[in-house]
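Asks: Please model the complete structure; the sequences and the hints are all you need to start from.
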Amino acid sequence: MELFHRTAHELAELLRRKELSAVELCDAVLGRIEAVEPRVRAYVTVMADVAREQAKAVDARRAAGEDLPPLAGIPLAVKDNMCTVDAPTTCSSKVLEHFVAPYDATVVARARQAGCVFTGKTNLDEFAMGSSTENSAFFTTCNPWDLERAPGGSSGGSAAATAAGEAIIALGSDTGGSIRQPASFCSLVGLKPTYGRVSRYGLVAFASSLDQIGPLTKDVRDTALLMNLLAGHDPMDSTSADRPVPDLTELLGRDIRGIRIGVPKEFFAEGTDPEVANAVHAAIRQLESLGAIVGEASTPTVSYGLPTYYIIAPSEASSNLARFDGVRYGHRTSKPVADNVELYEQSRAESFGPEVQRRIMIGTYALSAGYYDAYYLKAQKVRTLLKRDFDKVFEQFDIIAWPTSPCLPFRFGERGDPLSMYMADVCTIPVNMVGIPAVSLPCGFSSGGLPIGIQLGASYFEEPKLLQVAYAYEQSAGFHARRAPLGASCGGEA
Amino acid sequence: MRLSLDEVRHVARLGRLAMTDQQCEAMRDQLDSILAHFEALQELDTDDVEPTSHSLDMANVYRDDEPAPSFDRDRILANAPKRDDECFRVPLIMEED
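Heads up: the sequence lines are chains A and B, in that order. Everything in the first sequence is counted per our numbering, starting at 1 for the first residue and increasing by one. Everything in the second sequence is counted per our numbering, starting at 1 for the first residue and increasing by one.
Quick caveat, the hints were computed from the structure, so don't treat them as lab data. Only a predicted model underlies this, so the values are computations on that prediction, with no experimental measurement involved. All residues carry an ideal CB built from backbone N, CA and C; glycine is no exception. Take the hints with a grain of salt, since some may be wrong.
As the list claims (entries may be wrong) - Stretch by stretch, here's where chain B covers chain A in the computed footprint (C-beta under 8 Å, at least three residues):
(1) 24-32
(2) 318-331
Said to hold, decoys possible - Distance condition first, Cα-Cα at most 30 Å in a straight line; then the derived DSS-like pairs of lysine-lysine:
(3) A:K392 - A:K465
(4) A:K465 - B:K82
(5) A:K387 - A:K265
(6) A:K56 - A:K18
(7) B:K82 - A:K335
(8) A:K392 - A:K265
Replies: Listed below in structure tokens is the structure:
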């Protein structure tokens, strides 16, 4: 298998044994970017020069006999809503097209410190609002499994880059499914950690009570390794959890006999693609054959998750995005304006895309005088009901299992109206609403060869058990070993 | 329920988004269909339910107030759409006498 298609833990082993240098690996990935990026379009900015310098530095440290962290020398793609001092952070928005952050996000600083090699900043739906990258102000990213289909979103660039071999691992952010749904669409492992597990400092805020950064990788072990690097308390984020960080590789390989898995029936609602439902049910039977105890679970209020989310997330977004005023950074109108309010109104109207403006409008409306109780407060209360549902389920079960996406990767433009696109998030949103961790992992392919993902969730801070179960399934099912067919039709490349 | 154009204009004003009348009308149609979808929440009785603002069991977090270096001024100002030496330039906010 080509270097760029291998996992981080395999490559880390080769690097450690000095059978491969970080520069060789970096060149392999940069070469792959050159070969396939014109068709995949995963990156807003490729950081080739930075990557080469970082790779050289890792090789020098290793040559000097230094004991390096596990992911030193591994090419990592960063979603373009995380601040980096050495490349623009655009959020795929015209607002921030030329913005270079004066500081690194905490996750970026940690990855830098650990010797990761930054391949570049990946495309997303503008300000992470969307499920396909079609809301990017710059261009749309293609799914490496079928270039006519969406890679999912909003972390579609990170997912496509990893699946295409344009990065070995990647960082995404997940507010309503933005890591897990693209992982499912691109046949990757994608983890949304417990809210507070990973610092949000330097992640451009979308909905602060829901946003969480996490890994997109080719297998569960890589997710565990990257999470080991990302997780932990950060004094710069007041919602960062100050509690011990377990080594997530520790339980990988332990058998899962006796682990109780609940299947929430409401998540297999009508509208779920039968091929998705079949693949997920087959995966659950496989978990049962591995010794897990499977039972039916119920989360009666889960159907209210979608409207709750589409009140809370835009409300928080409308507040967070108030900072983009064209004064200190970001786009400023060149039209003559009479006063500062007009400066804000013109600058914002010119530079926010339609979906972002729509969400600012929804959120502003939901928070405005006279409507606050009916919408925002009501949604916050329903959130409590959702949380109670899940708390009850976790009294009975260790893990819950259901589809990541109700549908297969869709074609571009197929979900034109906003509500139909919002529906794509129905299986992922409740997880953010209640704050638990959940992972999507490959569980098969449709008759047409499109990836399908199963979603596993656990109670707060139960990532070790979550990945233990995910790993057991992955190793017995083997879907993680397949790579996107992209390479085969690519003339002239290795 | 149907939003009036004045309501849409008012919300756009609050959200600091310049909109033409045509844009307001298109936005009204979209908001109407999205708001209709929210009506389902009224089916749930939440009279005795406390709101949840986020999932973590923590309230305010304090740290020691220790001096530390701040960002380099030039790096901050490098992103300014318009700068004037060490300041951000904006339209006049007070009438000159």
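Asks: Taking the hints in turn, state whether each one holds.
Replies: Against the structure, the hints come out as follows:
Counting residues of the segment 24-32 of chain A whose beta carbon lies closer than 8 Å to any beta carbon of chain B gives 0, which falls short of the minimum of three for the stated coverage. Three residues within the 8 Å Cβ limit are the bar, and the segment 318-331 of chain A against chain B gives 9, so the coverage statement holds. Pair hint K392 (chain A) plus K465 (chain A) holds up; C-alpha atoms about 18 Å apart against a cutoff of 30 Å. Restraint check for K465 (chain A) and K82 (chain B): the C-alpha separation of about 52 Å exceeds 30 Å, so the hint is violated.
With a C-alpha separation of about 17 Å, the suggested pair K387 (chain A) and K265 (chain A) falls inside the 30 Å cut-off, and the hint holds. Our distance criterion of 30 Å between C-alpha atoms is met by K56 (chain A) and K18 (chain A), whose separation comes to about 14 Å. Note on K82 (chain B) and K335 (chain A): the hinted pairing holds, with a Cα-Cα distance of about 14 Å set against a maximum of 30 Å. Pair hint K392 (chain A) plus K265 (chain A) holds up; C-alpha atoms about 15 Å apart against a cutoff of 30 Å.
Comparing the model with each earlier hint shows violations of hints 1 and 4; every other hint is respected.
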